[in-house]
Amino acid sequence: MHEHDVLVVGAGGAGLRAAIAAHEEGADVAMVTKLHPVRSHTGAAEGGINAALHPEDSWELHAYDTMKGSDYLGDAPAVETFAQDARDEVIQLEHWGMPFSREEDGTVSQRPFGGLSHPRTTYAGAETGHHLLHTMYEQVVKRGITVYEEWYVLDLAVSDHDDVEDRECHGVVAYDIASGEIEGFRANDGVILATGGPGQVFDHTTNAVANTGDGYAMAYRAGVPLEDMEFVQFHPTTLPSTGVLISEGVRGEGGILYNEDEERFMFEHGYANNEGELASRDVVSRAELTEVNAGRGIEDEYVHLDMRHLGEERILDRLENILHLAEDFEGVDGLDEPMPVKPGQHYQMGGVECDENGHTCVDGLYAAGETACVSLHGANRLGGNALPELLVYGARAGKHAAGGDMKEAEIQTGPSAESEAGDLDESIQIGAVDTSDESVAADGAAVDAKSIVESEVERQRERVETLLESEGINHAHVRDDVQETMTANVNVFRREEGLKQALEDIREARERYQHVAVSDPSRTYNTDLIHTIETRNILDVAESIAVGALAREEFRGAHWREQYQYRDDENWLKHTLLAWNDGTPRLYYKPVLLEAEKEYEPKERSY
Amino acid sequence: MSETYDRGAVEDFGRWREFKPGMWAWIFHKFTGWVLVGYLFTHIAVLSTATGGDVLYTNTLQGLEELLVVRVLEVGLLSVAVFHILNGVRLLFVDLGFGLENQDKSFYASLVVTAAIVVASVPTFLSGV
Amino acid sequence: MAQHYSSFERGGVKWLFQRLTAVFLIGVLAFHFFLLHFVNHAAEITFAGTQARMSQVGYFATMWLFLVTATFHGVNGVYNALINQGLTGTRKKAVGAVLTLASIALIVQGTRVALAMTNLL
Amino acid sequence: MSTQIEQEQAEEQAEADAAAETEESHQERRLSEKKARAEAREREEQAREEVREAEDTVEIKVFRYDPEVEGKDEPRFDDFHVPFFKGMTVLDALMYARDHYDSSLTFRHSCRQAVCGSDALFVNGQQRLGCKTQMADLEGPVRIEPLPHQDVVKDLVVDMEHFYEQMHAVEPYFQPDELPEGELEEQRQSPENREKVKMSTRCIWCGACMSSCNIAAGDNEYLGPAAINKAYRFAMDEREGEIKKEDRLEIIEQEHGVWRCQTQFSCTEVCPKDIPLTEHIQELKREAVKSNLKFW
Ligand SMILES: Cc1cc2nc3c(=O)[nH]c(=O)nc-3n(C[C@H](O)[C@H](O)[C@H](O)COP(=O)(O)OP(=O)(O)OC[C@H]3O[C@@H](n4cnc5c(N)ncnc54)[C@H](O)[C@@H]3O)c2cc1C
Ligand code: HEM
Ligand code: SF4
Ligand code: F3S
Ligand code: FES
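Chains as they are written, first to last, in my numbering: chain A, 1 to 607; chain B, 1001 to 1129; chain C, 2001 to 2121; chain D, 3001 to 3296.
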């Protein structure tokens, strides 16, 4: 068994930042990650990192924009902490050598981005995430932090107290992909989940194949509620054939959207009379789909994004990467012709419920990055707000886990936080098919940390053994079915029957998952096994998204409901929470916090 | 990791058809360089007859020059030397950072010029055997 | 992690010499070839002719420098080629020693021959 | 009395039920396994059907090896016929083959957009990123092999450890002499200087260059183009001071450093991020010579 003070699961931007912070607090940190750190999907981020650096700008404005963007579903303490810390974090990155794009006077450039009242997006060409990821990995190398790379975390080792808030997380169980070894990792001070987004729940996504939502599912099954999962951001500009993202930077620099009739529809059809193409993502995504549905789409599928008028020099200078993407993945030359784009799954606003210190309701368990939901993005994330989130909340989680001195969190977590029960249609079945083996740890007698980890190791060994030895269906088909139904029914436009259909399909997929097996018998680099286990996580996450979407009967931010076309502040200024509850999930709500240092009055969100 | 498989270098040279100009240039330069060193040693060995008196020297040299093989080998030596020089110049430019984008073209140019020079010199080399 | 290779043998000197000798060789080799195959046909070389050329100090010095630079350039080139194929440790030392000896022998013998070609002694 | 009997009967009944239930669940499991098998067959049949229907199919020949699996412990090539669609990449073809024919087909992949560097492969004799290579641009049958000069772990997966070690050996992290004092004060860097290092910062650690370099193949200790490029990225960044730059030159100048490079250009040819590697290596050689001359 390995033992460290702090274990960071996942080595994307959030994980790396957390590890560095914990290391700076003097903790013995180790990272466990299924991909080598530089392969993490943070590297795909293109556009930029928001931070109020200009003297005329201020964190208050950043907080205000974020809150407005969230459609007033962000929690004020989370939003304010974020806007305040983002500035230092960006400067910190610069001090670590990040190759930001520069102004003539040598200062870091900032550009306008959708939904921002001031140009405050710092960037490094159109490959900001790549540089952020590599810069931080370099710091990890510099500090000599232990990295267990290509180790797949199978599950958390959590004590099995009945009340979730009494539970403690003592480590994780991981599978060495190269050798097939299963081992326990004990964490004396804390486990930080930073496993990234769940894009693979959908079939048209900007996310990586490895973004299977493992962290959400593991925390969920350990009893930590998932918050606001219905809020999924669909990015308005992804390439139709692959889902590869065309950065918002293109529109930030002045790129224009046209429909088949070559109308600049954002203005001409009145979707966003002030901001046009730079309106927030949900607005633009819906506008595009509305155009397509009205028969004004090109090939009835997509619209055009044109940047030719920016001129070759400016494009090469700031958006060169976009040219390569359009060329390599769609065969289109952006200097010569407009690029085809359509909305695709991009970002999960919701996630593992935690407070401003990244702490969840289970003692010793933290979440950071896209996996987490401090409730910063609320119902809709602004472009360029995720990368600073990785930094701000990654650092805070790392520091807190390592015992750093921090302010008590204002956000309450766990089922006992001020809450209101929710109800779902009786006919809908969710949760485990067979609840008998869905509680957190198999051995109720396990008391000390070591034996909890050990018993979890045993459990995972058995699970892997069973998958390898039994005969059954290939997980890929189960995964395909989930992705298809999610894309068909839980997409940008959501209808009640569709959502119910999705839940039914997921249920059926769950039942079929009972019979999956791994046909590759090898212990060496068995990706068949890993993907099979990931598919289980996809099921849990997909279900939580669909449940939230069905429960929330209003139209807020990224969540659109056919029958409920208005934002309903009266009834829905609250977060959706779904707790696994040992296999029979429970839905409940908690109120949004709209007041911290400042007070945020819900206003109409118009762009 | 239980065991890994080392495919070795054979696999690599088995793919010579896929080699790019830069790689060919490297191989040729290496080959020609080795031939030139080899020649340098033999050359001095042959010239060493000079220490054995003028008759021996003259006879050895002229005797060798009468052989067709030697003449043909000399043409070979010329081509090797010319290529090595031209590609050597190309490499010197590469070292100075000039024309890196056109390194493939300059390699082809070395080949063509070498061929031209060699063909043009064949009469001189083979005359009077 | 971040293991350091500490070798302060700054390899750049030999690299630079390889280039500098190359520059020198371009001229001399071309001259040498031209002179002994085109101006004077190789088949007509006689000791007398050689002696006449070699007895000019400038020509002699050029040829001797030619010998030394070519030896350095050629032998160093061969050495590099072998090292690049991963020779290390004793094998590397042995190769280095053999090549050094060979070059010394070549230069010594070359010098003797060159002197024998002159009428200076 | 009677209640007693009733209770016993009830218990018996319950036991019998329970027994029946396990029996039933066994039965159920068997049935569903059977169903699963039937389904798997059906899916495969469906895939074949798709292939037959598709107007175009492409053939890929994939290198297979697994030390643990009989029949795979001696390397071999497997052929797969995959239905072609416009825009299909080598990675798409591999994924199709894996998901429809042989789920044990193993390769690394993640981002599908040429940023994670997972899927550098040897495709038709050249190092390329699977996700960035259009099938339409290749001559069929397309041979897909693991990167040469790296030990094969399984199928298309190679051991990257050595590559990472070389990357780590050049102190791949920013080390400024001093940092600005003021609050929220960044270091200044001219746009020109950023432009100079821009290409070098694009490396995604895919290892294609290292695999293509013949010198790296022969000399295992050679730092290799990617690591040297990493050193270039810092040595040329004006935010690091002159003294640090000297240190960096010393690192890349060591015995197995820049001097090993014989300007084969293979690395530059294969780099999926179009980094002018040879140019960077050459520039460092010149910088090193210059700084050596200074010391004389
Ligand atoms: C194409 C694209 C462009 C974007 N552009 C921007 C932008 O311009 N600005 C912005 O602010 N945001 C942007 N975002 C959003 C932002 O990049 C992501 O939200 C963020 O990078 C997520 O980082 P992360 O550290 O949470 O996760 P990731 O970077 O995805 O890292 C996840 C890590 O977890 C590990 N992991 C996962 N599961 C396991 C497991 N079971 N066991 C062990 N390890 C595991 C993985 O190996 C990986 O290291 C973009 C996102 C995408 C997809
Ligand atoms: C006349 C002009 C010449 C030029 C311009 C020239 C140029 C070069 C250069 C630049 C290299 C270095 C290649 C590298 O390290 O990447 C080289 C290598 C070499 N040269 Fe020359 N050279 C010349 C003449 C000679 C002569 C006369 C000899 C023979 C004695 C010779 C033998 C070699 C050898 C053996 C190598 C090493 C090849 C290898 O890498 O294996 N060269 N030459
Ligand atoms: S330099 Fe290019 S080829 Fe080499 S690892 Fe980096 S991206 Fe890959
Ligand atoms: S292929 Fe190798 S030899 Fe040099 S130019 Fe590239 S490192
Ligand atoms: S899958 Fe990431 S580089 Fe190809």
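Do not rely on the hints blindly, as some may be mistaken.
Covered stretches of chain B, as calculated for chain D (at least 3 residues, CB under 8 Å) [as the list claims (entries may be wrong)]:
1. 1015-1024
2. 1065-1071
Across the chosen pairs, the derived CB separations fall in these ranges [what the hints assert, rightly or not]:
3. B:E1018 <-> A:R308: 35 to 45 Å
4. C:T2111 <-> B:V1112: 37 to 47 Å
5. C:T2062 <-> B:A1045: 27 to 37 Å
6. B:K1105 <-> A:R308: 29 to 39 Å
For the record, the hints were derived by calculation from the structure and aren't laboratory data. The model shown is predicted, which means the values in this text are computed figures rather than measured ones. Just so you know, even glycine gets a beta-carbon here, dropped at the ideal spot from N, CA and C.
Structure versus earlier hints, numbers of those that do not hold, lowest first: 2, 5
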